[in-house]
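So the chains spell out like this:
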Amino acid sequence: MNRNLWWKIGLIVAILIVFSVAVVPTKDNPEPIKRGLDLKGGTHLVMRVNVGDAVKLETDQAAEMFKSQATKNNLPVPVTHGVEGDALTFTATIPASVPTTEYERLAKDYLPAFDMSRNAQGQMVFKMKAANASAIERDTIDHAVETIRNRVDALGVTEPIIAPESGNRIVIQLPGVDDPARVKDIIKTTAQLQFRLVEGSPGPDAASALASVPANMKADVEVLPGTREDELGRATGVEYYAVRKTVPVTGTDLKNARVTKGRLGEPVIGFSMTPDGARKFGDLTGANVNRYLAIVLDKKIVSAPKINSRIDDSGVIEGRFTAQSAADLALVLRSGSLPASLTTLEERTVGPSLGRDSIRQGVLASIIGFVALIAAVLVYYKGAGINAVLALLLNLVILLGMMAYFHATLTLPGIAGIILTLGMAVDSNVLVFERIREELREGKTVMAAIQQGFQRAFGTIIDTHMTTIISALFLFQFGTGPIKGFAVTLLIGLFASVFTAFFVSRVIFDVVYRPEKRPAEISI
Amino acid sequence: MQIFVNTKYDFVKWRFHAVAFSMIVIIIGAALYIKNGVNWGIDFAGGANIVLKFRDAVPMDKLRSDFTDASIQQYGPADARSALIRLPQMKKEGDYAGQAVAKLNHDLNPEAATGKVDLNFNGRDSIAELLFTADPDHKGTNDDARKYYGNVAQNIINKRSELGIFTNVGQASSAKDVTTGITGVLRDKTFAGAFNVLNQETVGPQVGKELQQKAVLAIIFSTLAMGAYLWIRFDLMFGVAAIVCIVHDVCVSLAFLAMINGEFSLNIVAALLLIVGYSINDTVVTYDRVRENRRKLKTRATLEDQLNLAMNQTLSRTILTSGSVVIVLVALILFGGKVIHEFAWILLIGVLAGTYSTVTIVPAVAIAWNNMTGRKHDIAGPSSQRARAEEPPRNEPKQQKRRAV
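For the record, the sequence lines run as chains A and B. Note that our numbering has the first sequence beginning at 1, numbered continuously upward. Note that our numbering has the second sequence beginning at 1001, numbered continuously upward.
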């Protein structure tokens, strides 16, 4: 054999080794080719971040700021209103007796993010600048991704994918998660924790709670629902509390939250404060001893204990938790609150047993298909059939190896894709072999026929592969989830098949039918 | 073994019959779509799919009364005790599948209210948390203990996957590494609930609409891209013929889908895209041969002759290649299971349609185009006697010195 051929054989062996190594499971890497959610079980979620929430909050805060600055500047406090369906805008009604220039100066100094105008009723209209609004939206998405990542990490999910997408969406993939209801709860809980003072006394409906508030405070409170309990701590219904609108301490002031045991051994959540939070919490509790402090989670009152003495850096939240719900709440409090609520747009969950069935059937069908394919090729092409089968096997090794190197996931359509790719890879061999047969029929020698067969089939093989590559690219571009996995296997397989059918198969022919031996017959 | 050697079939003669046949198939398909509408799968229509496996017989009456607007079918064989619940699309975005499952759990598993953990409904983490809190094996409260009970919980879930569903708590105790202490906790604090969620999917109205658009765009663009590629590589006539051929293959596959009343799902779109890319291969091989022959043929040959010659030359390759893919697809259809069943069927029909259209529809379009554009694709010949003398006519093999074995 000439040196050229040795080089080629060396290259093929090297490729075989490199790709085989990637596929063999090791201790550090027990699953070299990751199974997709449809095979492993798990949850795929697409959530929309309701960024309007965050923008609205910013607008509300600006309105509050406008009022408090008016007070500081000894101006009469304007009455502000949000605009229904428009998170960007609020209006301020100014007492007629005061010159508006004073307020305009305040707006210029303290509300730089807003454009100010006047409407027909003489109210000042503040509209958030588009650049500021989109900055808030961007931050909200980033913050939401970060928070969800913290929560998912705390759940101990291995290899999750949490990625922002266009349209204020976040795609979340959680392989191996087998309890979607709980995971969704944990992800979706906004977990906005607030400590707010209670005014008046609780009542069975919103109106009676509000009625117990002194008249001059009515504008500063908001009525929120909580749970009514009997003496033994059992839930007996809903109870409404009027709580102050101002939120002196929030969840962001928490340093840590853990499940501990309460007096009766029931699960409660113990929290500790950051230094800054401890100072605020100390001021709040110190100034309001003997009053009630509402612990508000996502606009619901978890509990409203009496402040017995000044509390600085730690406390507990009681509230009829089970072991699981206390653990989950501690988890979301530790991982921080979501800046906006989430809406589920799409969910796909595959339970572990369905994945198990799918993989068994998929693999069985593929093996049967592959064996049948090999048998057909061997019967039809005899000696050259062995050549084609070797090329196919190498194709399979390259395909699986590439998937391992690229960290591509194996999905059910992906398994179909692999076996289908092999079916198509045979096409290249068939093209070459049929061409060689034709050349033989025309009376060429074995060596000339092989040479011509490969040469003439080359252009055709490139063309057929190009067309399939084009459609695989579209599949990848437009596909989602498992379909993308299918497109990836298809693409890799196509590139591998050009190499095996054209290069490897040729080398095998060259090794078997060497020119110096002047072969007179070829088994094809 | 060799078949289809030196065939001389007159393919182009049959092209009008073939076109008529294809038209009939496509018209039947179109009529079915007009009559029954498109059976959009959940991916495009939106809504929710839930597959549940029940511990006892499927409570059909309960399901039917709870989900009045849903379609409820048995999933798999009767002894699998599984049901597929298909909820129609709602106007608002929301977690329909999750809500429906939560409601069923509430109604069918009264034990859940007592704070017991449902071994069929809950997952690994809930079981792990329960064992960790109870700590029957006295492992303490450190991370090693958490890991230890997590591992046991995983084994219990694996056992459940193996059995499909637990019919009693005792079965969970037979999982790997379950100690007597853990068995005690399982007996006291868990129960084997009424069902196990095999699969749940929710597609909101917005996502469904987007997927629909994407799917249609993907098929249209890839068809056009294919035509453009062939136009660049060959010429406009072949590019147009290729597009017609792809449209034909896709339409025939869709007609078949209508005939089996199959669901139009994302997998079907993937199959159609694959057909777009794959069925064209036969056409490319034929065109290649036509082009190669044009360079060699010196004698007079109409486009019809050229196509017939090329198709006969590549016939055995066409049959073999389609055959090898068909072998694989038949295996997938027979053994691949429910999830890829329709996918494999559509591909099979598409591949067969692709092969068929290569020898019928493509010549029909090419010949019609050639006739309309002044028969530019014919080879004018007969060229001079000199040329003929130099080049022996092809396809008349000299006496074969070396026979194939």
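Where hints are given, some of them may not hold.
With a cut-off of at most 20 angstroms between alpha-carbon atoms, the simulated EDC-like pairs for lysine to aspartate or glutamate come out as follows [to be verified]:
hint	chain 1	residue 1	chain 2	residue 2
1	B	Lys1103	B	Asp1061
2	A	Lys300	A	Asp53
3	B	Lys1103	A	Asp53
4	A	Lys261	B	Glu1292
5	B	Lys1008	A	Glu442
6	B	Lys1008	A	Glu84
7	B	Lys1147	A	Glu266
8	B	Lys1147	A	Asp28
9	B	Lys1376	B	Glu1292
10	B	Lys1139	B	Asp1079
11	A	Lys300	A	Asp357
12	B	Lys1159	A	Asp357
13	B	Lys1296	A	Glu439
14	B	Lys1338	A	Asp357
15	A	Lys444	B	Asp1378
16	A	Lys188	A	Glu137
17	B	Lys1062	B	Asp1107
18	B	Lys1214	A	Glu165
19	B	Lys1147	A	Asp185
20	B	Lys1116	A	Asp357
21	B	Lys1116	B	Asp1135
22	B	Lys1159	B	Asp1143
23	A	Lys129	A	Asp185
24	B	Lys1296	A	Glu442
25	B	Lys1298	A	Glu84
26	A	Lys127	A	Glu165
27	A	Lys261	B	Asp1135
28	A	Lys67	A	Glu137
29	A	Lys72	A	Asp28
Honestly, the hints are just simulated from the structure, not real lab data. Every value quoted in this text rests on a predicted model; they were computed, and no experiment measured them.
Taking the earlier hints as the rules, which of them does this structure contradict? 3, 4, 6, 7, 10, 11, 15, 19, 20, 22, 23, 25, 26, 28, 29
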